[in-house]
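Chains as they are written, first to last, in our numbering: chain A, 1 to 274; chain B, 275 to 619; chain C, 620 to 962.
Quick caveat, the hints were computed from the structure, so don't treat them as lab data.
Any given hint could be a false lead.
Keeping only pairs whose Cα atoms sit at most 27 Å apart, straight-line, the calculated DSS-like set for lysine-lysine is [stated by the list, open to error]:
#1 C:K771 to B:K479
#2 C:K743 to C:K826
#3 B:K446 to B:K467
#4 C:K769 to B:K480
#5 C:K873 to A:K17
#6 C:K932 to C:K813
#7 C:K926 to C:K742
#8 C:K749 to B:K438
#9 C:K688 to B:K614
#10 B:K614 to C:K661
#11 A:K68 to A:K36
#12 A:K257 to B:K496
#13 C:K743 to C:K836
#14 A:K268 to B:K568
#15 C:K938 to C:K826
#16 B:K614 to A:K252
#17 B:K301 to C:K747
Each chain is listed here by its residues.
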Amino acid sequence: MNENIYIPKLAKIIKIKEEVSGSRSIKTFRTQFVEKNGFSHQCGQSAMLSVLGKGESMISISSSPLEKDFLQFSILKMGRVTSALHETEVGEIIGIRGPYGNNFPIENWKGKNLIFIGGGIGLAPIWSVLQTALKKKDDYGKLTLIYGARTSKDLVFKEELEKLNKKMKVHLSVDVEEKDWKEYVGFVPQNVTDKKPSPDNSISITCGPPIMIKFVIKALEELGFKDEQIYTTVENKMKCGIGKCGRCNIGKHYVCKDGPVYSWAKLKTLPQEY
Amino acid sequence: MEKILTKKSFPAWVKKLQSYTVYAPEKQENLWSYEVIQNPDKLNLEHLNTVQAPKKITFPQREVFLQFNTSKEGKPQIKEVLPKEQPTVIFGVRPCDAKAITLTDKVFGEEPKDPYYWSRRNQTTLVGLTCNTPPSDNCFCLSVGGSPHAKEGLDILMTDMDDKYHLDSLSKKGEKLIKAAENLFKPVSPKEKKELEKIHRESEKKIKREVKDIKNIPDKLKNMFNSPFWDEEAMSCIRCGICTYLCPTCYCFDITDELTSTLPLNGKRVRTWDTCQFPDFTMHSSGHNPRPDKASRLRQRILHKFQYHVENYQDYLCTGCGRCISLCPMGIDIIEILNKVRDHE
Amino acid sequence: MVNLEEIKKEAKKILEEGKVKYIIGYAKSSNILMAAPVFIKKPEDVNKLIWNPTCFQNLVKFLLDEKRKKAREKEPDTRPVGIFVKGCDSRAINVLLQEKFITREDVYIMGISCEDLGVLDEKKIFKKLKDEKPEKIEFDQGKNIVISTKEKTIKIPLKEILAERCLECTSSFPVISDVFWGDRNNRSPKEPFKSLEQIESLSQEKKWDFWQQQLSKCIRCYACRSVCPMCYCDECVVDSINLAVTADTSAEEKAQKIKWIEKSPESSENFGYHLVRAMHLAGRCIDCSECERVCPVDIPLRLLNKKLEKVAKELFDYKAGLDPEQPSLVSSFKDEDPEDFIR
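Excised from the complex, chain A in its bound form (with noise of 0.2 Å):
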């Protein structure tokens, strides 16, 4: 018989960064595994976290798969498990399984220009794809980030924003006007509306809440986006992680493999359930 599907590896959490705090608290982990088991993903997908004793959750990698060293996590403190993780210290051993899902389509992009969208910690799952596109710079045309936040305390990666800065063009906006904020004030697909990002031999990638993302398509479709120019992510409750159990299923797709990652063409296509 092959590997266990459903046994995870052990990791040791390297790394702990608090990007929010407060009750919306965002912590981002870099792992490492224990043993030389561990395995490599691709843009896009997921991973199985454990904690032992409070039970499983599915969540993106943040890191570019061409960071070899660590897989990254960005987690917002949400229930019984990741709550568990944000009580985790330096050192400490986590469980995870996977990688699951499909991927962005990445080497279908090269040559074209990327716009990255994302609201809260909807950032984390694009954030591999933006990454890598960094790091290949040269594949790619134009990169440029549009996000935002209820509050400027809510963006995550603020450190990483401000370096990005000098690599691409970012845009950031927080939900309503607060002290010392010079940049957008308002919803992401606002923005989105305000930037005209064009979509002439682009793509774009959104990733944020069920309804920022709706109304960012609308922005992006008036502004001559095709659905094929407009990827997303999608998420449901999920518990396998390789579509048996049956609860993540948008029609015959189970999310966890068939998604997370859709092309608009495609998940207009899929009965609107999620």
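Chain A is already provided as a structure; the job is to place chains B and C on it using the hints.
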């Protein structure tokens, strides 16, 4: 390989199968249930539909995946727990329930394979029994491609012929069972063969319920996702798990950690049955629920069985056993729903 | 005797007048021995209504759905829902009123007296039929059921196949209603707790063995909870998540939700589930015994609830659902209550 076994010799055959755990339907109080048979002399195959399908043996409601604890040095440890390899034979399997196992075989057999399912399944021999008369008022196997004497999924099909059984051995596993007591079996005479064919023909005529033109239903359903039809049909649903837990084909599950102690950490990760009919099945931790009401959950049950599964595996995820109809406390009837879908504008 | 035509006439009238949003009643199902709930919106559909001893279901359960649906709607239709109730069902409405889960204006109660009968027990019929399948049934002047099978036609006096709860029922007519059919004769069964006799006669060890054996059968389909009109909690001890969770619920609150009972159908967990449920129904259960009827593996759940009903009667002279104004059993005490510690 076809054989004849007298009913008198049936217990003697079962007694020869000492190396197996033998299950057969047993009447407990008022209900038929698959139980481990201790005394083959008491065995009879006169059962109606068992409340629970043999799914409870091949895909038990609870399966331990792994054990975890912390080592002396304080490091977490994980130990894989696979089911004990125990050859098992199940007698009296209805053809619909056997077909159902072939459907879960496909799901758990798709890469990556499910090791727990297969360590049980590979050890299991299924001995079926023709439904000379339908074991339930709501049998509709003929509508979903089955029949009261269908062989799919079975290792042996037995047919009751008054004082004897006809046996049709359909696989190596089946042959092994017969070889365990070869001298008890006799060859089939041409007369017996004719008699058998008659019983099989007659058995089909006794199925009363049907879904006509079922072939059109998957396509029909594709255009009904947003129909108010589902709200209407689900009005009387009370969101219990009877229809799915007793369904021989439903396989959805949950994975949870069960602790025996926290300090030191000690516990198990287990798989348990779960159902699309419970609200927490799809509810996100945030409270968002893609299927927030019973209408969307009933729709999921029907669409999974008659659209999504057909699209993914080219087969209905339903074998027409009728349990979900007979046992629904509110009289929700999948045959009526499907007939309405078929006639839907 | 209750006249179905009069019932239909009234149903039609209130629908035509727009007095109610819709009516929850009973109609035929594909199982001839069991009616099914029906939700009637159009006056012309009242002909679907039936009334006979196969009307098992306690339709009050559907008022919980209605309440939740109303809470989700922006501009809900505030008219009441018409609902048919038997004596026991009407007591469930009273408990919901007593607990302020619904208000009197939410319902238009259409009460039907069971008179000297009640509903059937399917299992008793099957015993009489010895596995033969009924093909047609008829009720003969409200006294007998005439069942035709392929082989024969048999006539069984209804009293021989009534549900246990009906044989022990002391108030077989609705105690609250807006419109009423049938008589209001109290019944005084000689032994209102007869079904408890056998289990009460067992030793403690034997009782334990009995429940061990019964509850080990549980497959945790939660049909007993799902069918119970008193089980309306958003947060149930057996669920993995509190169903009232919203985007604003804090992660801490969710993470701290204690898993009282595991999902595994192990005997310890099944005991936990059924005993917690029984205790939560103490002084609330109105003995519709739907939990026992719907159980697919035949766990005699009514015994648990009936025992608590008996205790409440003996210790506190309390019976659930007789009056929406009465203080609830477990949240009130009287000076004459038998336990001293509560004062």
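Each hint tested on the structure:
1. C:K771 to B:K479: Holds, at roughly 21 Å.
2. C:K743 to C:K826: holds (24 Å)
3. B:K446 to B:K467: Holds: K446 (chain B) and K467 (chain B) sit about 22 Å apart, inside 27 Å.
4. C:K769 to B:K480: Satisfied, since the Cα-Cα distance of roughly 12 Å is no more than 27 Å.
5. C:K873 to A:K17: holds (23 Å)
6. C:K932 to C:K813: Judged against 27 Å, a Cα distance of about 14 Å means the pair holds.
7. C:K926 to C:K742: Holds. K926 (chain C) to K742 (chain C) sits at ~22 Å (cutoff 27 Å).
8. C:K749 to B:K438: It holds: about 24 Å lies between the C-alpha atoms, which stays within 27 Å.
9. C:K688 to B:K614: holds (25 Å)
10. B:K614 to C:K661: holds (20 Å)
11. A:K68 to A:K36: holds (12 Å)
12. A:K257 to B:K496: It holds: about 22 Å lies between the C-alpha atoms, which stays within 27 Å.
13. C:K743 to C:K836: Given that 27 Å is the threshold and the Cα spacing comes to 21 Å, the pair holds.
14. A:K268 to B:K568: holds (24 Å)
15. C:K938 to C:K826: Distance of about 25 Å is within 27 Å: holds.
16. B:K614 to A:K252: holds (22 Å)
17. B:K301 to C:K747: holds (17 Å)
In terms of the numbered hints stated before, the structure departs from none.
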